[in-house]
Amino acid sequence: MKFGWLEITLFSIVLVVVISAIFVRGKNWLEPGFWGVFAIVSSLVMFSILWLLTFDTLKKISFGSARVPSPTVINHKIGFEYDPDKKRYMPTIGEEELFFGKKWSEQEATQLLTKGKLVIQSRNCMDCHTLLGNGAYFAPDLTKSWLDPKWQTMIQPMIGVATKEETMAKWLQNPEYYGTWQRRMPNLKLTEEEAKAVVGYLKFMSAIDTNGFPDHFGKSPAIF
Amino acid sequence: MSADSVLKMLLASLSFVLTAGLYAFFYAFGRLKGSFFWELFSFVFALMMMLSGFFLVSCPAFTLFWKLLLIFSIFSYLIIPKAMFWIVEKIHQKEGEEEGRLKTLK
Amino acid sequence: MKESKDLYESQKLAIGYWIVAICLFGAQLVFGLIISYQYIQPEFLHKFLNFSICRLLHINSMILWLLFGFIGGIYWFLPLETEREVVGIFLGKIAFIVLTAAVSIVVLVFLLVQIGKGEMLTLWLVTEGREYIEAPRWADIGIVAVFSIIFFNVFASIWKAKKLKGILWVLIVDLLAIIGFYIAGMFFSPNISVDQFWWWWVVHLWVEATWEVLVGVLVGWVLMAVLGTSRKIVEGWLYLEVFLIFGTGILGLGHHYFWIGAPEYWLGIGGFFSALEPLPLVAMIVHAVYDAGVHRLKTINKPAFFWIVAQAFGNFIGAGVWGFMHTLPQINLYSHGTQLTAAHGHLAFFGAYVNTNLALIYTALQRIRLHEGSILDGTLWKWVFIGLNLAMLGITAPLTVAGFTQTFVERAVGGSTWQAYIDAQSHPWFKESMIWRMGFGIMFFVCYVLLVADLLTIGKTKATHQQ
Chain A
1 MKFGWLEITL FSIVLVVVIS AIFVRGKNWL EPGFWGVFAI VSSLVMFSIL WLLTFDTLKK
61 ISFGSARVPS PTVINHKIGF EYDPDKKRYM PTIGEEELFF GKKWSEQEAT QLLTKGKLVI
121 QSRNCMDCHT LLGNGAYFAP DLTKSWLDPK WQTMIQPMIG VATKEETMAK WLQNPEYYGT
181 WQRRMPNLKL TEEEAKAVVG YLKFMSAIDT NGFPDHFGKS PAIF
Chain B
1001 MSADSVLKML LASLSFVLTA GLYAFFYAFG RLKGSFFWEL FSFVFALMMM LSGFFLVSCP
1061 AFTLFWKLLL IFSIFSYLII PKAMFWIVEK IHQKEGEEEG RLKTLK
Chain C
2001 MKESKDLYES QKLAIGYWIV AICLFGAQLV FGLIISYQYI QPEFLHKFLN FSICRLLHIN
2061 SMILWLLFGF IGGIYWFLPL ETEREVVGIF LGKIAFIVLT AAVSIVVLVF LLVQIGKGEM
2121 LTLWLVTEGR EYIEAPRWAD IGIVAVFSII FFNVFASIWK AKKLKGILWV LIVDLLAIIG
2181 FYIAGMFFSP NISVDQFWWW WVVHLWVEAT WEVLVGVLVG WVLMAVLGTS RKIVEGWLYL
2241 EVFLIFGTGI LGLGHHYFWI GAPEYWLGIG GFFSALEPLP LVAMIVHAVY DAGVHRLKTI
2301 NKPAFFWIVA QAFGNFIGAG VWGFMHTLPQ INLYSHGTQL TAAHGHLAFF GAYVNTNLAL
2361 IYTALQRIRL HEGSILDGTL WKWVFIGLNL AMLGITAPLT VAGFTQTFVE RAVGGSTWQA
2421 YIDAQSHPWF KESMIWRMGF GIMFFVCYVL LVADLLTIGK TKATHQQ
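Those protein sequence lines, which keep their order, are chains A, B and C. Terminal number for the first sequence in the working numbering: 224, no gaps in between. Terminal number for the second sequence in the working numbering: 1106, no gaps in between. Terminal number for the third sequence in the working numbering: 2467, no gaps in between.
These aren't lab readings, by the way, just hints derived from the structure by calculation. From a predicted model like this one, the values you see are computed outputs, not experimental measurements. One should not assume that every hint holds.
Stated by the list, open to error - Here are the simulated distance ranges between beta carbons:
{"no.": "1", "chain 1": "B", "residue 1": "Leu1011", "chain 2": "A", "residue 2": "Gln182", "range": "24 to 34 Å"}
{"no.": "2", "chain 1": "A", "residue 1": "Val17", "chain 2": "C", "residue 2": "Ile2097", "range": "41 to 51 Å"}
{"no.": "3", "chain 1": "C", "residue 1": "Val2113", "chain 2": "A", "residue 2": "Val18", "range": "49 to 59 Å"}
{"no.": "4", "chain 1": "B", "residue 1": "Phe1054", "chain 2": "A", "residue 2": "Glu7", "range": "25 to 35 Å"}
{"no.": "5", "chain 1": "A", "residue 1": "Tyr178", "chain 2": "C", "residue 2": "Lys2431", "range": "21 to 31 Å"}
{"no.": "6", "chain 1": "A", "residue 1": "Thr92", "chain 2": "B", "residue 2": "Ile1079", "range": "46 to 56 Å"}
{"no.": "7", "chain 1": "C", "residue 1": "Ile2094", "chain 2": "B", "residue 2": "Leu1011", "range": "52 to 62 Å"}
{"no.": "8", "chain 1": "C", "residue 1": "Thr2379", "chain 2": "A", "residue 2": "Asn174", "range": "53 to 63 Å"}
{"no.": "9", "chain 1": "C", "residue 1": "His2046", "chain 2": "A", "residue 2": "Val18", "range": "51 to 61 Å"}
Built from N, CA and C at the ideal position, the CB exists for glycine as well.
Construct all of the structure, not just a fragment, from the sequences and the given hints.
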């Protein structure tokens, strides 16, 4: 879309006022019908604009777009860096790295993510955690969980496996063995395959461009 | 943006709309009672609303457009109680007239 | 209810809906108490009834009981508006039974099965795992079917009575929109950004657009019934409200699209429209004060009147103040997904919807239990009114403090990591807030019990000497 949001916004308001004004000519503003016209026109105009924007947005957030990467992003190193031009944090997709010891083809990666999403929904993750900031607030936000330093500083030494993804998969299968805090994640009976799929999903999710949310993730100057 | 300023902005935007509502409440209450005291009292909240609003406007986190939007909000909140009271009176007046007319017709 | 012989069949159906609604309200509170205790003592019911399950039941029973209440309101006022029995009332009764049975099955599955394997079958039979619309797919389809029957009832009755205008016209369009938007939530996508994009269509466009308008219709009816407000004023207000709600609310959807991966223009559009959203709510306050003052609190139905006035203020405080507080993207970047959202949700749902439902029920009770012209009043409802409102403020104030703590410690300072989260949750301000919240939660529950007692008894004994 060539128009900026400000143009869209002002255009929608002007459109509502102009069209309504045409239809209410001669009506007294104290009559209900006067406002009825405004009600109908504003609903129609705003909803039409929402439809247009929906098409545009869906195109811009499909797999492989600039904002939502292709599933094969799990074959790459992912970071989260400050972008001085955009004045916010942006995910960075770096060089290739193996994920669970192999390179995933597009089809395999898509299957893995589909599985991961199904597992996330079937275990009601969103009713304790937040994903992209939405969900419940009983457990940490998982938007950039893949980049969380705790996996390497605390969990990996506890579990004693070689890579971060294996650490996460192991931990997800037995969260109650490796307590991190008084609030314990219950064992949701993830199979190994399901756990791997969830880890794949978390890695993919950390590469989504979320307009800078959560700000300075893992880059806090304060020591915690 | 510093962590302190986030907290201050949160507090300011809380008090911004809250005081705008209190101003509207006490203004309407004062007008209804015909009490100058309550009307005057409501302006205390109008002042607090403006202060919170201008604090938000002064925050460097907001770019020019947002500052203009906030200034627009401040002015809206300032005139809404008075304007709304006028509208509501007008509506009820008209309604009263019509009811009166219906009665005489009968 | 022995005096109900002169009620329309559909009004009896409305009573059925309200009875289920009040029961679900109780269930919501029980699960709410459990999860608020789990914040203090995480081992409570750990592994048997985890936080996720109780929280899921807490929010879903809320959605359902509010919906049941609204449907009850529609069935109650529709025959009064059309001056005839609802067309296809038998179908309507079947729909009620089917809906209630389906809700019971879904709740039992949530309680007993809880989770499933990571495959489509789970989404069809156990849970969809998307906040607020966890109901499995079969139940989704059932809900749409039942709503279609209700829509048929409404549409056919209005059509036959030849009254397709004014308030009823708004009701019809709004019901269609409610059904339409619900369908937007009924598919699976592996792309979480697409998933959340449509998910908000359901959640936001229901709660912040179509429900608000439906409540506008219901409040209009209540005002006409308990205050004798003229139809013209109600219609004018309703149109104005639709204009403002849809005018700002539809694109206000953008404030949910800030951080889900959607393009940057949503920051501007969402922020702009949600900054405008409190303006009409402030205007409503002036109107509520004026109306309450002009009528000098004279009404035939004290409790309904008070709950309706509380609705105007509740809407302003919950949706306006607590909504605006964290809606601007510059602030929301840090406050998104903290307890501030919980505080806002509690206040807004209570202020806008719970109040309306209670007013509806009291309005009906007056008609059921009293002779025409006598005043519904008592002492217990006053305590319930004060108690519920105070308790709700008492629940949200600590949540707000907790949200500030989280925004500051976890987000702004700590950078939102796992450890930053733990630090915020262990902060004394957060921990103490959770205890206060629990305390007021208990108070809310006590008031709920009193509310049920009041609903069962009001008007039964005091009717004669109140006249």
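So, going through the hints one by one against the coordinates:
1. A hinted range of 24 to 34 Å for the beta carbons of Leu1011 of chain B and Gln182 of chain A is consistent with their spacing of about 30 Å.
2. For Val17 of chain A paired with Ile2097 of chain C, a C-beta distance near 48 Å keeps the hint of 41 to 51 Å intact.
3. The given range of 49 to 59 Å is respected by Val2113 of chain C and Val18 of chain A, whose C-beta atoms sit roughly 55 Å from each other.
4. With their beta carbons about 28 Å apart, Phe1054 of chain B and Glu7 of chain A fall inside the hinted range of 25 to 35 Å.
5. Checked against the hint of 21 to 31 Å, the C-beta distance between Tyr178 of chain A and Lys2431 of chain C comes to roughly 24 Å, which is consistent with it.
6. For Thr92 of chain A paired with Ile1079 of chain B, a C-beta distance near 48 Å keeps the hint of 46 to 56 Å intact.
7. Between Ile2094 of chain C and Leu1011 of chain B the Cβ separation comes to about 53 Å, which falls inside the hinted range of 52 to 62 Å.
8. One distance hint, 53 to 63 Å for the beta-carbon pair Thr2379 of chain C and Asn174 of chain A, holds here, with the actual separation near 57 Å.
9. Roughly 60 Å separates the CB atoms of His2046 of chain C and Val18 of chain A, a value that falls within the hinted 51 to 61 Å.
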